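*Asks:* Each residue of the sequence shown is one higher than the one before, counting from 50 in my numbering.
Careful, some of the hints might be misleading.
Listed next, the in silico EDC-like pairs over lysine to aspartate or glutamate satisfying Cα-Cα at most 16 angstroms (straight line) [unchecked claim]:
1. Lys418 to Glu392
2. Lys104 to Asp114
3. Lys699 to Glu457
4. Lys104 to Asp358
5. Lys79 to Asp408
6. Lys699 to Asp525
7. Lys418 to Asp408
8. Lys704 to Glu524
9. Lys104 to Asp204
10. Lys79 to Asp143
11. Lys418 to Glu398
12. Lys79 to Glu327
13. Lys146 to Glu342
14. Lys704 to Asp690
15. Lys699 to Asp710
16. Lys704 to Asp691
17. Lys104 to Asp326
18. Lys79 to Glu144
19. Lys79 to Glu342
20. Lys79 to Asp283
Cβ pair distances, simulated, as ranges [unchecked claim]:
21. Glu457 to Ser390: 20 to 26 angstroms
22. Ala287 to Asp650: 55 to 61 angstroms
23. Pro446 to Val163: 38 to 44 angstroms
24. Glu524 to Asp252: 44 to 50 angstroms
25. Glu398 to Asp252: 34 to 40 angstroms
26. Ser293 to Glu348: 33 to 39 angstroms
If you are wondering where the hints come from, they were derived from the structure by calculation, not from laboratory data. Here the structure is a predicted model, which is why all the values come from computation and not from measurement. Built from N, CA and C at the ideal position, the CB exists for glycine as well.
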Amino acid sequence: MEVEAVRTSSDVEDLSINALRFLAVDAVQKANSGHPGMPMGTAAMAYTLWSRHLKHDPQDPDWWDRDRFVLSAGHGSMLLYGLLHLFGYDLPMDELKQFRQWGSRTPGHPENFVTRGVETTTGPLGQGFANGVGMAIAERYLAAHFNRPGHMVVDHHTYGIVSDGDLMEGISHEAASLAGHLGLGKLIYLYDDNRITIDGGTDLSFTEDVGARFESYGWHVAYVEDGNDVEALDEALAQARAESGRPSLLVVRTHIGYGSPNKQDTAASHGSPLGPDEVRATKERLGWPVDAEFHVPDEVYEHLRQATDNGRSTHQRWRERLEDYRRDHPELAGQFRAWMSGELSPNWEDLIPAFTPGDDMASRKASGKVLAAIGPSLDNLIGGSADLSGSNLTFVPGRGDHQAESPEGGYFHFGVREHGMGGICNGMALHGGIVPYCATFLVFSDYMRPSVRLAALMGLQVIYVFTHDSIGLGEDGPTHQPIEHMLALRAIPGLDVYRPADAAETAEAWRAALRRTDGPSALALSRQGLPQLEGTAGAAAHGVARGGYVVRDCEGTPDVILMGTGSELQLAVGAADALVADGVAVRVVSMVCTDVFDRQDAEYRNAVLPPSVSARVAVEAGVSLGWERYVGLAGTTVAMDDYGASAPAKVLFEKFGFTVDAVVAAARRVMA
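Whole structure, please, built from the sequences with the hints as guidance.
*Replies:* Structure follows, in structure tokens:
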């Protein structure tokens, strides 16, 4: 490809841009690993945004009304680390020199729990794009809830740099479509249009008109033909900031590996170090000291710290406005502080309904009753469904829809966009002030698994409502009947997966999910009706909080332990009745959340599942894999290791062997 002529200059802006470039080049070269090309090509746009537009304060990276910046193209992480260092965040040069090394604060892809100033953990392409949409939604909802005439306490933008790869991934299509529908005017993305991917030029697979696509989504689209033209970038950003009714995409023509004589505009600069000779040649070409590594001229530090002084002043003015707000609206100001601190209203737990024997219902219906009871007092608990509100039962009565014309609405119609929904909810949680929940059928959790995994990795309080949790959904058949999904979700470290057996356990699962602030929770709920079991109504409050507990016990040491989850716990209870009638000592255990149970101390776990009792049976209408941890070598499972069928739920449970008689037979086998 033709290599663009490069500019060399002693101007402090050019020096700052080249400092960004060569911090990335040197760090990747020292680590012998990383992606130098993207930072080299996008340094000018990043500099323009951070020095002229981004509202931020390096001394307090978490202040509530800061602008959010998302590097969705997380492979270019050294661009972000260079920005943080140069603008005065707590990221010293020694950390840049330890890029991608053990224990450093500069991991290969940005991690918000490792590096202050990093807003979200990106790497899987498209995730950051969706996170930014969620951040913009949270800003708009909080602004609608708290701002009053003369008091703008929530008033910031969400910016991002996105790549060709981000825009190819399906999640970005889903999130962009919803962002355009909602008219998120404070969302501005700069598209790094460098036309290179790992395999080569984008003409191999990506020849669509990106700008036209985003215009069709309802976005404001502008073009910057030279990604190194700071003034053109500045003007485009100013126009985007003035566009209040639409999100903005700035299509910026850049050159990957900019300045490299042999690797600019080639895939060779995407994911590999330039190499010592090419590093030297690039520095010569851009007028940079060739023998200096991690070189930053003093005037660059001075220039960029002036920009941070402006941010500090902006922060101080906001604090003064907040004091005025507290004086004029003390109650709202107190609520604003509580929300942004992650607090819920003090009486919410008192509003959770109690369920007793006779309250027979599907666990999805019980979940809906819990939401209806607590929702009106928890305006910062917002969410919705992926076009399944009537099936997931996630609507809160009296809560309006969140739309472009009603930003105060707290119920979201995500549309048939499960993956986008997951990434957007992560962005809401990352922004702060919001506890998001979202819903779909359990089988479609596959569509959003990458977003769920990242929520767990980041420790975000996101609540997933997954209904239609087994073959019990019936006639829709095997395409909609989850079999392996409970195992797959339980395999995600940091995700608490609850499968409540009745209404009482469902209420307590919601309590546990709302109490947990250091990670996500998933509720797997039934379509079909379930009996309210006698053993759970009184014990669920304690037992669900510990993941597993004894629902029914016997005198002395049990001959057999029956354990179950969800709709199958009733089969264990029924089998216990039959076995007890024959003189068998039986213990029944509800294993409502294995993740929480496994975190309990050994004394509690052994009290529930005594090691001396080897005769154990687990019952779950899902794959048997995973239950061996609890049944041991001598136990067995009544499970389902193949797909379901289309028929009424009662027929399916009988045909696939989920009956009291089957559990009794399994118990007799393990006792023998």
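*Asks:* Evaluate each hint against the coordinates.
*Replies:* The hints, checked one at a time:
1. Pair hint Lys418 plus Glu392 does not hold up; C-alpha atoms about 22 angstroms apart against a cutoff of 16 angstroms.
2. Restraint check for Lys104 and Asp114: the C-alpha separation of about 8 angstroms stays at or below 16 angstroms, so the hint holds.
3. Distance check on the hinted pair: Lys699 and Glu457 sit about 43 angstroms apart at the alpha-carbon level, beyond 16 angstroms; violated.
4. In summary, the hint linking Lys104 to Asp358 is supported, as the alpha carbons are separated by about 11 angstroms, within the 16 angstroms threshold.
5. Only pairs whose Cα atoms come within 16 angstroms are accepted, and Lys79 paired with Asp408 is rejected, the gap being roughly 65 angstroms.
6. Simply put, Lys699 and Asp525 have alpha-carbon atoms about 14 angstroms apart, close enough for the 16 angstroms limit, and the pair holds.
7. Only pairs whose Cα atoms come within 16 angstroms are accepted, and Lys418 paired with Asp408 is accepted, the gap being roughly 12 angstroms.
8. About 14 angstroms separates the Cα atoms of Lys704 and Glu524, which keeps this hinted pair within 16 angstroms; it holds.
9. For the hint linking Lys104 to Asp204, the alpha-carbon distance of about 10 angstroms falls within 16 angstroms, and the restraint holds.
10. Taking the CA atoms of Lys79 and Asp143, the gap is about 12 angstroms. The hint holds against a cut of 16 angstroms.
11. For the proposed pair Lys418 and Glu398, the alpha carbon gap of about 14 angstroms is at most 16 angstroms, so the pair holds.
12. Distance check on the hinted pair: Lys79 and Glu327 sit about 14 angstroms apart at the alpha-carbon level, within 16 angstroms; holds.
13. In summary, the hint linking Lys146 to Glu342 is supported, as the alpha carbons are separated by about 10 angstroms, within the 16 angstroms threshold.
14. Of the pairs offered as hints, the one joining Lys704 and Asp690 holds, with about 14 angstroms between alpha carbons and a cut-off of 16 angstroms not exceeded.
15. In summary, the hint linking Lys699 to Asp710 is supported, as the alpha carbons are separated by about 15 angstroms, within the 16 angstroms threshold.
16. Distance hint between Lys704 and Asp691 is fulfilled; the C-alpha atoms sit about 13 angstroms from each other, no more than 16 angstroms.
17. For the given pair, Lys104 sits about 39 angstroms from Asp326 by alpha-carbon distance, which is inconsistent with the 16 angstroms threshold.
18. A C-alpha spacing of about 12 angstroms is found between Lys79 and Glu144, which places the hinted pair at or below 16 angstroms, so the restraint holds.
19. In summary, the hint linking Lys79 to Glu342 is supported, as the alpha carbons are separated by about 9 angstroms, within the 16 angstroms threshold.
20. The straight-line distance between the Cα atoms of Lys79 and Asp283 is roughly 33 angstroms, outside the 16 angstroms bound, and the hint therefore fails.
21. For the pair Glu457 and Ser390, the supplied restraint of 20 to 26 angstroms holds, since their beta-carbon distance comes to about 21 angstroms.
22. Checking the proposed 55 to 61 angstroms range against Ala287 and Asp650 shows it holds: the Cβ atoms sit about 58 angstroms from each other.
23. For the hinted restraint 38 to 44 angstroms between Pro446 and Val163, the CB-CB distance of approximately 42 angstroms keeps it satisfied.
24. Judged by the Cβ atoms, the range 44 to 50 angstroms given for Glu524 and Asp252 holds: they are separated by roughly 47 angstroms.
25. Roughly 58 angstroms separates the CB atoms of Glu398 and Asp252, a value that falls outside the hinted 34 to 40 angstroms.
26. Look at Ser293 against Glu348: about 37 angstroms separates their beta carbons, and that is inside 33 to 39 angstroms.
When held up to the earlier numbered hints, the structure conflicts with 1, 3, 5, 17, 20, 25 and fits the remainder.
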